[in-house]
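Below, each chain spelled out in residue letters.
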Amino acid sequence: MKDNKNIERLFQEKFKDFEALPPQDSWDIIASRLNEKKKKKRIVPIWFQFSGIAASLFIIGALIWNFSGENNSTEVPNSDNTIVNTEDAKVNSNNSNIASPNNEAIVYDSQSNEESLDKKSNNSINQYNEKSTDEKLVNSKLKNNSSRRNGLVSNGKLESDINANLNQKGFKKGKNNFKKQSPSETNFEKALVANAEKNKAKRKSKSKSNKNNSAFENLFHDNNVVDNNREGKTAINKETIDAFFENKTSNTTTITNNDSITKQTNNSDVVVSNEIITQDSTLVAEVSKETNPLEELLKEKEAGKNEDEKEEKRSKWAISTNASPVYFNSLAQGSSIDQQFDSNSKNYATTLSLGIAGSYAINNKLSLKTGVNNINISYNTNDVLFDARMNNVENNIPTISRNPEASNMVFSSKANVVETLSGDIENVVIENNVGALQQNISYIEVPLELSYKLLDKKFGIEVIGGMSTLFLNRNNISLVADGIEMEVGRANNLNSIHFSSNVGLGFKYSFWKSFNANFQPMFKYQINTFSENSGNFKPYFIGLYTGISFSF
Amino acid sequence: MIIEQLIYECSNNNTKAQEQIYRLLAPKLFSVCLKYSRNYEEAQDNLQESFLIIFEKINQYKNTGSFEGWAKRVTINYVLQQYRKQNIFEIVSEKIADEEEIEIDDDNISLEFLTKIIQELPDRYRLVFNLYVLDGYSHKEIAEMLEINIGTSKSNLARAKAILKSKIESNNSFEVKKSK
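Protein chains in written order, with the numbering used here: chain A, 1 to 552; chain B, 1 to 180.
Chain A with its partners taken away, still in its complex shape (with noise of 0.2 Å):
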């Protein structure tokens, strides 16, 4: 049928359903070259199975160490509070009328405990601290009991706040003893001693009709005392009196009351002084609230010093020697050389690793660590039997590539051989043909490693993981009996390269400015070392690696 037709819809309708099978040996095709690609893949995760427990041990290892060190840090400020608790007791003795409400503080209570005020609610309303210029930080605390109590009792304590206050603003009062110049400690307790005795005696001549019952705490708070001893750069003798304000109304009232009985014993003196008490209190708090901010300025720029001076310090790479005895071993019994060598037991002879390294320091925590080593590694199979037959015969070990000379001997486990013969005269012959076979093996270790340092100081420990690459270097066999040592040929089932897994801890000291001593025990496991015939024989080696180490 012929029609006239656009060549864009002839084309779309005719390849509307267009299929085409394609040649059968396509899909052949591609499933082999999938199966090479998941070969290909398959050898870098058996590896990183093993250097993923590595790092997850080591993960743990630093997360565990990091917890603990923050506990210790926050220990540290107990040292100045049991000074202060010292103090309280000290004052508990001389006076009744002070007690401790908790570690922190030195209530002062002219009450001389009748009555037993609740603190610890009342704590922390206001809390001001002050630098003056004789470094002490005085903070005082007025407080308003709702109960009906004496308030004879509250005049002796604002008398004691005013002497506070008056210390701090540099006034004198010459009726309390009181001097700017006698910042001690020991005179401002001695003082507020005197003080309150004296209140005991004004108490008595004062009538009981106060309605509201204002009491006084000086709290002698230490919290910034600690945070700036420790730093070593403020003044060590600090004192500090809290203040605590319940609430601005209890203020007034308090003064009211004050100023009634003020007037019953014409003390025109304390009118004037309870006016500056709440007067100095609201500019301890203003001063309070500014140099707080600026303590914590201070503070951050001196961590920020130190952390400076620790980055300054730490050069970030390094070079370092080794040398280290080896232990090689297997992890489970068996024989690399011939299944039938299994149970035969085996000496694993301690060498000596060499080698050189260079470090790169990722942070201060974390370094990356390469470097070349040459280790030696060698293990005899004992109890073999040899024998020297006078023709060639058939290779019957077939992982020993066999040197010529060595082309008409015959190896075969003794306990095999035992089993299997009877009669003294062959074990007769036996005895004396029996020997060991030794297998001499030398790598060149390419390590790749990351540690983590638990300490940095003088003395320090990391904990270390990461891989090795090794590179076969001398593979030989040898046959060792009495008076007798003959190479018999190589070992066959020895990957050309294989790895390890290593893990294991770094302990270093530095003895002279940048260079370090280091010991560094390490475990390495090693994967893929035969490429067949193995039999069930998982060698691994420890090494003590010691050496010294310069940063630059």
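Hints in this document: simulated from the structure, not taken from any laboratory. C-beta: ideal position from N, C-alpha, C; glycine also. Wrong hints could be hidden among the right ones.
Stated by the list, open to error - Computed from the model, here is a short list of chain B residues facing chain A with C-beta under 8 Å:
id, residue
1, L80
2, Y83
3, L111
Unchecked claim - In silico negatives: residues of chain B with every beta carbon more than 12 Å from chain A:
id, residue
4, L6
5, T15
6, Y61
7, N63
8, T64
9, R73
10, R124
11, L134
12, M145
13, K165
Given the coordinates of chain A, work out where chain B should sit on it, guided by the hints.
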């Protein structure tokens, strides 16, 4: 639902699932490859490479569009990438032919023939023609995909159609002669 299960298995490198996906998609994707490639052998190579990419990136397929559509885009992109590597896109723009209508006997024209003449087109004409006419991309999209400008895309399309038209016509006359 079955296809989703298969896709999941494929992302776990399950060879059986991969084969099933292949069986499912190969005819459609091979048709794409045939259209976009120069010849049958090249189409086969492109198909294999595309499938390897599909299996490699199968976990990037988010069940938003159809899986077939996704696989087709992967295939087209792969093929375009090959030509981009070969730097064949520099062809001087040519005069646009305006005649598009063609007198044709539908039944006389085989799909093989059409595929063949598409494959015979110069590379960029073929790609533009395929993208625009058969796979519904706009000139703007094509320009971006092939890194050419829109005008070039339009003129390439016109040239492609002109070539195809002349080939169909000559084939027609050949067929007509034969039938006579």
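Task: Status of B/N63, Cβ more than 12 Å from any chain A Cβ - done: Its Cβ never comes within 12 Å of chain A, the nearest being 23 Å, so this holds.
TODO: Confirm or reject the statement that B/M145 sits farther than 12 Å, beta carbon to beta carbon, from all of chain A.
DONE: holds (19 Å)
Task: Interface-negative label, B/Y61 against chain A, beta-carbon threshold 12 Å - done: holds (17 Å)
Task: Given as non-interface: B/L134, partner chain A, CB spacing beyond 12 Å - done: Answer for B/L134: violated, closest chain A Cβ roughly 5 Å.
Task: Evaluation of the interface hint that places B/L111 against chain A, nearest CB under 8 Å - done: Result: holds, 6 Å to nearest chain A Cβ.
Task: Cut-off 8 Å, beta-carbon criterion: hint that B/L80 touches chain A - done: Interface hint status for B/L80: violated (18 Å vs cutoff 8 Å).
Task: Nearest-CB test (12 Å) between chain A and B/L6 - done: holds (15 Å)
- [ ] Would you assess whether B/T15, listed as outside the interface, keeps its beta-carbon beyond 12 Å of every beta-carbon in chain A?
- [x] violated (7 Å)
Open item on the list: A cut-off of 12 Å on Cβ-Cβ distance, and B/T64 was said to be off the interface with chain A. Does that hold?
Closed with: holds (24 Å)
Task: Whether B/R73 stays farther than 12 Å from all C-beta atoms of chain A, as the label says - done: holds (17 Å)
TODO: Classify the label on B/R124 as holds or violated, using whether its beta-carbon is more than 12 Å from each beta-carbon of chain A.
DONE: holds (17 Å)
Open item on the list: So, as I understand it, the hint says B/Y83 touches chain A; can you test that by seeing if any CB pair is closer than 8 Å?
Closed with: violated (20 Å)
Of the hints listed earlier, those the structure fails to meet are numbers 1, 2, 5, 11, 13, in rising order.
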